[in-house]
Structures are given as structure tokens and as C-alpha cells.
Amino acid sequence: MGKVIGIDLGTTNSVVAVMENGQPKVIINSEGMTTTPSVVAFTDSGERLVGMLAKRQSITNHENTIFSIKRLIGRKYDASEVLKARSLLPYKIVPADNNDAWVEVRGKKYSPQEISAMILQKLKKNS
Amino acid sequence: MSSENREDLYSESNELNETSQDNGESNNESIDSKDQEIENLRKALAEANENLLRVKADADNFRKRIAKDFEEKLKYANQSLLMDFITFADNIDIALTHLRGGEDFSIDKIREGFELILKQFKDILSKHGMKEICCEIGDQFDPNKHEALMLDARDDFENNAITMVLQKGYTLNDRVVRPTKVKVNKK
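Taken in order, these protein sequences are the chains called A and B. The first sequence maps to residues 17 to 143 in the numbering used here. The second sequence maps to residues 748 to 934 in the numbering used here.
So that you can see chain A by itself, here it is in the shape it has in the complex (with noise of 0.2 Å):
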């Protein structure tokens, strides 16, 4: 039988378990850390940062340095959340083509779900 796990995609920290023998067990990151910040990056150098490297550079590189993005999922950009996170948030949120509220980094866009998936990956090659 395939193994149970369970994802905490948190708007701040991520966390992954797993079922063993009936007990969760909580996966420890590389760092030798139970939470990983849901933090996403993108370096000058085009490079990706996730989780806490993405954290510990976000104040070189704000602008480009993405968290809290559960707020912006399945959002329009002119709901009264996204108006709020607009104005709270220091990087780029731009309408999509349909209108839900997406993030614009060093020029390309993306989709929340995209970078919820960033933390994802993020999550599954630790475990």
C-alpha cells in the first residue's frame, strides 16, 4: 500500500507528514527544520530560492521575493482582499486574463497556484 501524507500548505509555513505504523510522523526539511517557510525568491542571478534561503535574502530583494501567496489564490485582483494585500505586499500583483490576481516577477507572471506548486516541489524533494 502506498504511504498516507499529509500537506500543511500554510500561508506562512509549510509543513509535510507522514503515517507511520498508524503514528504522523512530521518530515524534517533540509535545513533540519519541521516548518518550511512558504516563501518563493528569484535571484538577480534567475535563480529560484524556496522556503527558508527564499526568507533569509527577502529583505535584499523584496520586490521579487514572494509569501503569504495563499491569499491571492482563487482571487479576483479587484476583490477587497487583494486590494488589501495590494497595499500591504511589496512585490508586483497584476490582473491575469481572466482577472484573478496574479504576481509579476522580474517580468514574467505567475499564477499563485504556480508558486503554491514551487513550495510543493519544494516540500516533495525533501520527503
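Hints in this document: simulated from the structure, not taken from any laboratory. Ideal placement from N, C-alpha and C gives every residue a C-beta, glycine not left out. What you were told as hints is all true, and nothing was included just to trick you.
A short list of chain A residues far from chain B (calculated; beta carbon distances all over 12 Å): (1) G90; (2) A101; (3) S103; (4) V110.
With a cut-off of at most 25 Å between alpha-carbon atoms, the simulated BS3-like pairs for lysine-lysine come out as follows: (5) K866(B) x K928(B); (6) K124(A) x K108(A); (7) K866(B) x K856(B); (8) K878(B) x K866(B); (9) K19(A) x K803(B); (10) K915(B) x K892(B); (11) K915(B) x K930(B); (12) K933(B) x K124(A); (13) K124(A) x K100(A); (14) K86(A) x K124(A); (15) K86(A) x K125(A); (16) K140(A) x K125(A); (17) K108(A) x K92(A); (18) K892(B) x K874(B); (19) K820(B) x K41(A); (20) K86(A) x K108(A); (21) K141(A) x K19(A); (22) K822(B) x K41(A); (23) K892(B) x K140(A); (24) K822(B) x K811(B); (25) K934(B) x K108(A); (26) K915(B) x K928(B); (27) K869(B) x K856(B); (28) K892(B) x K866(B); (29) K19(A) x K811(B); (30) K86(A) x K141(A); (31) K803(B) x K41(A); (32) K124(A) x K934(B); (33) K108(A) x K933(B); (34) K815(B) x K41(A); (35) K811(B) x K41(A); (36) K92(A) x K124(A); (37) K141(A) x K892(B); (38) K140(A) x K86(A).
Chain A is already provided as a structure; the job is to place chain B on it using the hints.
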């Protein structure tokens, strides 16, 4: 119908009867053997179930024992590290006794003593796998080992260069446990 034919028929029906009798006997036999087989399978199943229970109980006991062992190990895992810390505390004690002795030490002597104690402490850390992350002013910021806490805007430094080290970072067995906290230049 001729008498010859009748005889033929008679003999045929007799043969048929014989075969049906044979069938009856072999049916009884096969039912017996099936009963036996079912009985055997029942026994085998009961045995397998019992084995399964035993294996499960064994695995359970094993898991409990491992958890207990682990707890016990954890309790004393720090022993060798703490033993090294005791020597460190001893040296501080000796230094303080000397200082309290009333003798006048020059500030240079005291500094030298501090440096020696610090060196010894760092040796203890490195012996246990904890090493300082080497970081020089002017190095390029690297999120793998540095954490940017503040920004600077200086012309005499390159973009993304470290202009100040705010707190030293450490690795434990090559894993960054505390990144070096730095101030980074942004032009």
C-alpha cells in the same frame, strides 16, 4: 425388437448402472477428501492467524523497546559535550579566583586570558561538529549561509556585498544551524 437386441440393451443398461455406482463411490470419496482439505485449510488459517498475532505483538514490543532505548540514549547524549563544558567552567573559575586574589592584572593580561578561554570554547564547539561560518566584510551575500537583516547603500562596496557582520553564524556537521546575520549593500 429382436432378442439379440434386447440382450444388448440389457447389457448396456447394466453397464450404465455399474458406472453410476462407480460415480457414487468416487463422489463420496471426493467429498471426503474435500472435507479433509477444508479441515486442513482451517487449521492452516488458524495457525497463520496465530502467527500473525505473535508477529504483531513482537513488532509492537520491538517498537516500544526502541522508543525506550532512544529516550534513554537521548538523556545521556549530551554527556560528552557537557563534560567538555565543565572544563570550560573550571577555567573561568580559575581565572576569576586569580582576579579576586587582589593582584593587579593589566587589561592586556585579562584580555589575553579571555581570548584563551574563548579559543578553548571554540575548540570544544568544533570538536562537536559546530564550526563558525567564515564571513569577511566585502564578501558577496549568499542566502545559503547568510541572513540579511539590514540594507546599506554604499558606493565603496559592490552590489550584494556584505558591509557589516551583525552576528556570527555556525554550522553543525556542515548544516547551517545559524546563518551569519549581515548588513547587505544595495545600489
